[in-house]
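Mapping the sequence shown onto the working numbering, position 180 (from 1) lands on 218, and the numbers just tick up by one.
What the hints contain is simulated information worked out from the structure, not anything from laboratory work. Where is the CB? At the ideal position from N, CA and C, for every residue including glycine. Where hints are given, some of them may not hold.
As the list claims (entries may be wrong) - Each computed SDA-like pair below joins lysine to any residue, with the alpha-carbon atoms no more than 25 Å apart:
hint, residue 1, residue 2
1, K176, H139
2, K328, R289
3, K338, K363
4, K176, S165
What the hints assert, rightly or not - Computed Cβ-Cβ distance ranges for the label pairs, DEER-style:
hint, residue 1, residue 2, range
5, L386, H159, 27 to 37 Å
6, T244, M105, 43 to 53 Å
7, P282, H162, 45 to 55 Å
8, T420, N384, 47 to 57 Å
9, S122, F44, 40 to 50 Å
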Amino acid sequence: MPVIIFSTIEALLVARWLTRYGLAALAHRRTRSVDSANLTATGTGRWVRGQRLIPQALMVVLLLGIMFSSLRTDYYFHGQLPFSIGFQWPQSSPHTELAQHFIDMIPADASVSAQTKLVPHLSHRASIYMFPYAADPKYLNKQPVDKLADYVLLDVTGDIYPFDAQTDAQAYTREVKSVLASGNYGVVAAQDGYLLLKRGLPAPHTLPSTTTTAQTSDPASLLFDLPASFCSNIYVSPREVKNPLQVDFSRPGSGTMHLVGYDVGASSPFSRTNGYGTLTTYWRVDQPGKVPLQMLTLFKGSNGQEYMVNMDMPDLSWCPTQSWKAGTIVRLASRTFNLQKSGIPNGLAQMSIALLPQGQTSSTIMDVQARLPLQVLNAPPTVTANQSTKVLQLMPITIVD
């Protein structure tokens with residue numbers, strides 16, 4: 039960072055020097071081509087003042103350009119200013135305080151590969167890396183496996199940088215599960231989304247899933263037998279449920295899923311080019327089914343077609359539905375999504391959700407027959423079921439550019 043700052047300062051000074059040098063050369067050429075006796079004192083004064091003002095004006099333009107570029111980048115890419123996309127004021131919570139418990143479990147002389155927000159709390163160590171570096175052999179540059187970090191500390195509910203949460207969240211999940219499946223690390227402790235791994239311990243077992251043969255090579259499709267405390271963050275009390283309702287999704291073998299609340303973090307009208315939204319749903323399971331389920335967020339456009347806008351529910355990647363505790367309420371929060379590449383036309387659209395078994399291929403992910411049938415028992419008038427497409431319409435949203 040200091041190198042970038044000082045190089046920017048030097049670049050501005052060089053630009054100013056080149057401008058003054060060019061103006062001086064131009065002035066010299068002008069005095070040679072025009073009889074100096076014919077230059078009035080007023081004209082000469084204006085020219086001299088112009089030579090002084092132009093470099094200063096150039097500095098102002100360049101500084102404004104640098105500020106605009108920096109602010110624009112901070113707005114769109116991992117920004118930490120109040121106007122940045124996805125910015126939240128830092129707040130202490132039981133979850134953030136729990137991080138210190140995991141940090142204290144790591145020996146002082148051990149090397150660590152940690153998630154971005156956890157690195158500063160471990161940076162006084164001799165060897166500290168940002169995950170996934172030093173946690174996956176492919177980042178070792180042909181060094182032996184014993185050069186891997188001794189410990190890996192992750193928070194699967196937190197910031198996933200250097201992976202992009204908007205476009206690359208699946209890559210983060212795939213990377214973490216690759217580390218778990220590699221056999222190089224085992225679980226020391228897991229709670230509330232935190233995962234502490236140690237090199238040399240037995241790797242966690244995988245759980246049965248509905249993945250096809252073509253998908254078994256994709257680590258993101260794997261489900262692991264992690265400690266039950268790892269998923270403690272998904273359970274909430276009944277008073278935390280927003281917009282209560284009751285909608286049942288059921289199918290033989292999949293059990294019955296009761297949708298008991300939802301919260302849409304999107305406004306109407308919704309900008310297709312720079313609008314961002316989230317969806318939080320609340321579920322109750324009386325008896326977990328044997329088949330893990332996934333949830334799709336869909337929009338039915340003004341042209342009558344369905345568009346899938348989000349299927350990234352991080353908690354389902356780590357806490358599959360068949361592992362949920364019977365009788366509890368589970369909160370599923372989506373990552374932030376947008377409609378930039380969705381192709382949804384402008385106009386009135388219906389935001390909807392659908393449930394279907396995990397492990398669907400890209401060619402069958404929109405298969406209506408794979409979706410669980412649903413029945414609305416109690417809901418506000420804006421929430422309706424479309425039985426032909428097996429979706430629950432949550433609210434109308436007007437799409438604009």
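To see whether the hints hold, each was checked on the structure:
1. The hinted pair formed by K176 and H139 fails the criterion: a straight-line CA distance of about 30 Å is larger than 25 Å.
2. For a cut-off of 25 Å, the pair hint linking K328 to R289 stands: about 11 Å separates their Cα positions.
3. Distance restraint check for K338 and K363: the Cα-Cα separation of roughly 33 Å exceeds the 25 Å cut-off, and the hinted pair is therefore not satisfied.
4. Only pairs whose Cα atoms come within 25 Å are accepted, and K176 paired with S165 is accepted, the gap being roughly 18 Å.
5. As the Cβ distance of L386 to H159 is approximately 48 Å, the hint placing it in 27 to 37 Å is violated.
6. Hint check: T244 to M105, Cβ distance near 51 Å, so the stated range 43 to 53 Å holds.
7. Taking 45 to 55 Å as the suggested C-beta distance range, the pair P282 and H162 conforms, at roughly 48 Å.
8. The hinted window of 47 to 57 Å between T420 and N384 is violated, with their beta carbons roughly 21 Å apart.
9. Between S122 and F44 the beta carbons are some 25 Å apart, a value that contradicts the proposed interval 40 to 50 Å.
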